[in-house]
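Enquirer: Protein sequence lines correspond, in order, to chains X and A. The numbering used here applies: residue 1 is where the first sequence begins, and numbers increase by one. The numbering used here applies: residue 177 is where the second sequence begins, and numbers increase by one.
Be a bit skeptical, because a hint or two may be false.
[What the hints assert, rightly or not] Output of the computed footprint for chain A on chain X, the stretches with three or more beta carbons under 8 Å from beta carbons of chain A:
| no. | segment |
| --- | --- |
| 1 | 4-16 |
| 2 | 34-47 |
[Claimed, not checked] Label-pair distances were calculated between CB atoms; the ranges are:
| no. | chain 1 | residue 1 | chain 2 | residue 2 | range |
| --- | --- | --- | --- | --- | --- |
| 3 | X | G139 | A | P349 | 27 to 37 Å |
| 4 | X | T156 | A | S206 | 18 to 28 Å |
| 5 | A | P334 | X | A155 | 22 to 32 Å |
| 6 | X | F154 | A | I295 | 31 to 41 Å |
| 7 | A | A276 | X | L161 | 12 to 22 Å |
| 8 | X | V39 | A | A193 | 11 to 21 Å |
| 9 | X | L175 | A | W352 | 16 to 26 Å |
| 10 | A | R228 | X | V92 | 41 to 51 Å |
| 11 | A | F264 | X | A155 | 10 to 20 Å |
Please keep in mind that the hints were generated in silico from the structure rather than gathered at the bench. Where a beta carbon is used, it is the ideal one built from N, C-alpha and C, also for glycine.
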Amino acid sequence: MSDGGVLATIARHFALLSLLTIGGVSSVLPAMHREAVEVRGWMSDTRFADLYAIAQATPGPNMMIVTLIGWHAAGVAGGLVATAALTVPTAVLTFLVLSLWDRFKTRPWRLAIQNGLTPIMVGLVSSSGLLLARTVDTGYTAFAVTAATAAMSFATRLNPLWVMGLGAALGMAGLL
Amino acid sequence: MGDRGAAPPAEKPSAEAVPSLSLIFLAFLSTAAIGFGGVMPWARRMIVERRRWLSAEEFNNDLALCQFLPGSNVVNLAVVVGARFRGFPGAVAAFTGIMAVPIFLVMGVGALYLQFGGIALVQGALQGIAASAAGLVVATAAKMAVPLLRRRPMQALPFMLAVFAAVGLLHIPLEWVVLTLCPLSIAASWWWPR
Numbered sequence: 001m002s003d004g005g006v007l008a009t010i011a012r013h014f015a016l017l018s019l020l021t022i023g024g025v026s027s028v029l030p031a032m033h034r035e036a037v038e039v040r041g042w043m044s045d046t047r048f049a050d051l052y053a054i055a056q057a058t059p060g061p062n063m064m065i066v067t068l069i070g071w072h073a074a075g076v077a078g079g080l081v082a083t084a085a086l087t088v089p090t091a092v093l094t095f096l097v098l099s100l101w102d103r104f105k106t107r108p109w110r111l112a113i114q115n116g117l118t119p120i121m122v123g124l125v126s127s128s129g130l131l132l133a134r135t136v137d138t139g140y141t142a143f144a145v146t147a148a149t150a151a152m153s154f155a156t157r158l159n160p161l162w163v164m165g166l167g168a169a170l171g172m173a174g175l176l
Numbered sequence: 177m178g179d180r181g182a183a184p185p186a187e188k189p190s191a192e193a194v195p196s197l198s199l200i201f202l203a204f205l206s207t208a209a210i211g212f213g214g215v216m217p218w219a220r221r222m223i224v225e226r227r228r229w230l231s232a233e234e235f236n237n238d239l240a241l242c243q244f245l246p247g248s249n250v251v252n253l254a255v256v257v258g259a260r261f262r263g264f265p266g267a268v269a270a271f272t273g274i275m276a277v278p279i280f281l282v283m284g285v286g287a288l289y290l291q292f293g294g295i296a297l298v299q300g301a302l303q304g305i306a307a308s309a310a311g312l313v314v315a316t317a318a319k320m321a322v323p324l325l326r327r328r329p330m331q332a333l334p335f336m337l338a339v340f341a342a343v344g345l346l347h348i349p350l351e352w353v354v355l356t357l358c359p360l361s362i363a364a365s366w367w368w369p370r
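With the rest of the complex left out, here is chain X (with noise of 0.2 Å):
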């Protein structure tokens, strides 16, 4: 297959699932597995596993698997192209649905979806949380590092990336 024809495959594989992320990208990683390992075979099961590992551990939005797919599949172009096409179209959603939202700011509805919609999300990103937590806490080491940054970053100002270096330090001496 050549490059235009992947990144084609690409382009429309992550703009059609871009309109699927109900609640954030994580909620299509099973879909994402399906196509790059098994319907595409871009990748092994143990890479897909890896480059998630590599997402989730590198700033950047929750959403960089993608840019990882399309990269592994097709170099940098493939990886612009998965990030574009999964990110672009609804970001000019958002933009449109952002007037319409706050000209309608005091219809009883609009504050009826709005106060609707809130538990929902604070519900979902608990979720996260829990099953992060439940993911990377393999030892009382690794639960202390998350304990301490959520402890930290919920009772104070001070920036979390002290916490975060003293985890990678632990981790690097082996404790984790």
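Following the hints, position chain A against chain X.
Expert: What follows is chain A alone, placed relative to chain X:
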């Protein structure tokens, strides 16, 4: 909505001066560049705590919109914040700012991983960063829950717990949870006595 009651249609949030396009771009660029474990906790820190571009409640309200629309929540949030200050150019500045560094960084780290992925030191450091990043997400959830529980505890708490149980504990597919509980939660907030 309290302090926003007399706002002009341009909908400028609670900041004294409107930030320039380059400040919007650089603020999101630097936030994304340190955004370990997802940019959202860092974006909240930057927008609400450091620059005070939005109040905690305005942040929650805008995030609710971004959560309900498809796409990356934090990328959509950047578009919203950029658009609130500077319209379409502001949205473009925030969007390119939040994406520019992570895209190339993650591909660079991917290339390094292909070379050095087997080294124990690298794996250990990644584990430590990931453990800390999980704590940031937990703290973000707690910070978002506090204003909500203060204002409307009886209406909000059941839905927060229901979503947490369904997604976090029972692993029910997200689309079912969202499609079932969103309408119920919206209905509850519609009929809830104010």
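Enquirer: Now look at each hint and say whether the structure bears it out.
Expert: Right, here's what the structure says about each hint:
With a threshold of 8 Å between beta carbons, the proposed coverage of the segment 4-16 of chain X by chain A is violated, since 0 of its residues qualify and at least three are required. Given a C-beta distance limit of less than 8 Å, the hint that chain A covers the segment 34-47 of chain X is violated, as 0 residues qualify and 3 are needed. Range check, G139 (chain X) to P349 (chain A): about 30 Å between beta-carbon atoms, so the 27 to 37 Å window is met. A beta carbon spacing of about 20 Å between T156 (chain X) and S206 (chain A) agrees with the range 18 to 28 Å that was offered as a hint.
Distance hint check: the CB atoms of P334 (chain A) and A155 (chain X) are about 27 Å apart, consistent with the given range 22 to 32 Å. Between F154 (chain X) and I295 (chain A), the C-beta spacing of about 34 Å keeps the proposed range 31 to 41 Å intact. Distance hint check: the CB atoms of A276 (chain A) and L161 (chain X) are about 20 Å apart, consistent with the given range 12 to 22 Å. In this structure, V39 (chain X) and A193 (chain A) break the distance hint of 11 to 21 Å, their C-beta atoms being roughly 51 Å apart.
Judged by the Cβ atoms, the range 16 to 26 Å given for L175 (chain X) and W352 (chain A) is violated: they are separated by roughly 40 Å. At about 28 Å, the CB distance of R228 (chain A) to V92 (chain X) disagrees with the hint of 41 to 51 Å. The given range of 10 to 20 Å is broken by F264 (chain A) and A155 (chain X), whose C-beta atoms sit roughly 39 Å from each other.
This entry does not satisfy hints 1, 2, 8, 9, 10 and 11, going by the numbered hints stated previously.
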